[in-house]
Amino acid sequence: MALIEVKNLEKEYVNEAIVTHVLYNLNFKIDKGEFVAIMGPSGSGKSTLMHILGFLDKASGGQFIFNGRDVSTLHDDELAEMRSSQVGFVFQSFNLLPRTTVLENVILPLVYTSTPARKREELATTALNSVGLSHRLNFLPNQLSGGEKQRVAIARALVNDPAVIFADEPTGNLDSKSGLQVMQILQELNADGHTIILVTHEKYTAEHAKRILRIKDGEIISDELVANRQFATGAKELIK
Amino acid sequence: MNLLEQIRSVWRIIGRNKVRSFLTMLGIVIGVMAVIIVMSVGAGAQSLILNQIKGMGSNLIGILPGKADEKGPPASVMGVVITTLKTDDIKALVKDIPTLTAGTGYVKGAETINWGEQKTDTNFTGVSAEFIDVEDAPVERGRFFTEEEDRTAARVVVLGSSVAEDLFGDQDPLDKQIKIKKTLFNIIGVMKKRGSSGMQNQDNQVFVPLNTAQKLLLGINYVSFARVKVDRAENVDSAMEQMAFILRDRHKIDNPENDDFSIRSMAQGLDAVTSITNALKMFLAAIAAIALVVGGIGIMNIMLAAVQERTREIGLRKALGAKNRDIIIQFLVESITITLIGGIIGIILGILISYAVAKTAQGMGYNWDFVVSLSAIAVGCVVSVGVGLLFGIVPARRASRLDPIEALRHE
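Here the protein sequences line up with chains A and B, keeping their order.
Under the working numbering, the residue at position 44 of the first sequence is numbered 44, and the numbers go up by one with no gaps.
Under the working numbering, the residue at position 225 of the second sequence is numbered 1225, and the numbers go up by one with no gaps.
Bear in mind the hints are in silico, worked out from the structure with no lab data behind them.
Note that the structure is a prediction, hence the values are computed from the model and not measured.
Don't take each hint at face value.
[Stated by the list, open to error] Computed footprint of chain B on chain A, listed as stretches where at least three residues anywhere in the stretch have a Cβ under 8 Å from a Cβ of chain B:
#1 95 to 106
#2 134 to 146
#3 195 to 203
#4 212 to 225
[Unchecked claim] Heads up, simulated DSSO-like pairs for lysine-lysine below, C-alpha to C-alpha not over 27 Å straight-line:
#5 Lys58(A) x Lys1323(B)
#6 Lys1108(B) x Lys1193(B)
#7 Lys1108(B) x Lys1086(B)
#8 Lys1323(B) x Lys119(A)
#9 Lys1281(B) x Lys1252(B)
#10 Lys216(A) x Lys32(A)
Backbone N, C-alpha and C define an ideal beta-carbon position, used for all residues, glycine too.
Let the sequences and hints guide you as you build the complete structure.
This is the structure in structure tokens:
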């Protein structure tokens, strides 16, 4: 059974009687353990697709089946529960809470779960270890470099052991070295068995994934495995 | 997130914006402080008045001219002059009712009193010779005037203790003459210090015979009010009935509806005073409530600004799994924490100020109790939480309804 199955998925926005179609008749499956890049120019609908797959938005038509469950029928609280337990987000602009320590930022998703308080700190510390930031636990976001901030965001996305990690242009605000480091971490996480969905407009970044879904004007124009996959420094050895 | 964590996180937020949080709280601090002060000082003032009335004795009956309903004060209290009650009425009552031991009418006025170059502004009270029995008012030096002196409108005067001090200092005032309204009066006695009683400082006045006051000083033939003393407290009710009967007979009144007097026992007097002071307290509490509403609007304003300012945070929290309820609770806990802290500060300040007022009043010789009831503190707490809840709910709901995607895009 596929982890994600999308059938005839549609999305339209209605604003003062003006209907804007964003996604048309999308069909694809993503299995557990995949590393898929959704690639397309801005305005192509890739972010909207990510929002639907990440339970932040609802489709207007068609079906989205997650782990065998039809998501289209879920109401707001159930969607919040899915976000809390099934997915982790990494945003282009990090979205860390200011004036809140690194550790507390990573604990944040666990606050909305039933994880006991003591266990939360342990899980957050482990997640920060895995992105190489165990020495920054009590730093504030404004004391970190861009690359470090994004690694905190990755640790936050990891901390509730989600079924899928969504990364929305995760290297967009980073210099190339930090960007590479972030891609390396994502590849390592994928190698550890995490399913990763990367949203990007850059071909080079997309080629770090195993499979690319190209989307244009709300439609999938290609869905193929990456022939010459890019490996971020250091990640290659691990994956082999 | 459990409540304790919510409060800890709110505490951090408050700590980040100390000045703003303080200013936000200020409205609640002032409102709650006002409530506590009103309740405490109100209770203190009430105790003062009640203590004074009780201090005058529970077997006194007051007679006021003019009709009054059961609870409310008679018209004469409001400054309406009613001339129907006469000295002879009082004399007849004491004569005809065996349980009455003494009685006196009262007239009052304010005058400048001269002794040589010295002068002082004070009140004079005209009473009959039985005054000292009615009020248990002791004379310290000299004597009180006699019935004979009253009847003949003698020009004699008994000074209150502070008037004696003001005019004569260390000298002995007895047998000296003072001038009231250009008439010379012989000082025959000085009253013992009594403090204030019946809402009046008893020491800052002089006593002259009732007849003298009526004829020489005021030019009237009626009394403003009267008091009679009953031998035993249990006879008060029957004495009041007989008094009404006699007064109706004397004033030729057939129907009690048409009474031109009202008779009050001290117990009823207490009720009347209590109902007046309670009304006053309610009025002041209403003003305090306005302060709280203003404070509450301040809270709402700040919380709405906070929702605006933290839109991205709200979007992020929702993206990370927060339900609408979690966001509502977060913002409500925040507003309630701010108002509760403000409330607690207000309670503390209110208690301190009430204590200062009580101490000052006590220092001035008033029998003023420092009263902070648990109910006042409870009201302070409940009101501050209530204000937080009431004025926090709109911003909290607004926050919870934000679309996470839109919120995350917010700059």
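Next on the checklist: Under 8 Å between beta-carbons, do enough residues of the segment 95 to 106 of chain A, three at least, approach chain B for the coverage claim to hold?
Outcome noted: holds (count 4)
Checklist entry - Can the restraint linking lysine 58(A) and lysine 1323(B) be considered satisfied, given a maximum Cα separation of 27 Å? => result 16 Å, holds
Next on the checklist: For a C-alpha distance cap of 27 Å, please report whether lysine 1281(B) and lysine 1252(B) respect it.
Outcome noted: 41 Å, violated
Checklist entry - Given the proposed pairing of lysine 1108(B) with lysine 1086(B), does the C-alpha separation stay at or below 27 Å? => result 14 Å, holds
Next on the checklist: At least three residues with a C-beta closer than 8 Å to a C-beta of chain B: is that true for the segment 212 to 225 of chain A?
Outcome noted: The restraint on the segment 212 to 225 of chain A is violated, since only 0 of its residues have a Cβ under 8 Å from chain B and three are required.
Next on the checklist: Please check whether the segment 195 to 203 of chain A has three or more residues whose CB lies within less than 8 Å of a CB on chain B.
Outcome noted: With 0 residues close enough to chain B, the hint is violated.
Item to check | Holds or violated: lysine 1323(B) to lysine 119(A), with C-alpha atoms at most 27 Å apart | outcome: 22 Å, holds
Checklist entry - When you check the alpha-carbon spacing of lysine 216(A) and lysine 32(A), does it fall within 27 Å? => result This hinted pair holds, its Cα atoms lying about 25 Å apart.
Checklist entry - Count the residues of the segment 134 to 146 of chain A with a beta-carbon closer than 8 Å to any beta-carbon of chain B: does the count reach three? => result violated (count 0)
Checklist entry - Keeping to a limit of 27 Å between CA atoms, is the pair of lysine 1108(B) and lysine 1193(B) held or broken? => result 19 Å, holds
Of the numbered hints stated above, those contradicted by the structure are hints 2, 3, 4, 9, listed in ascending order.
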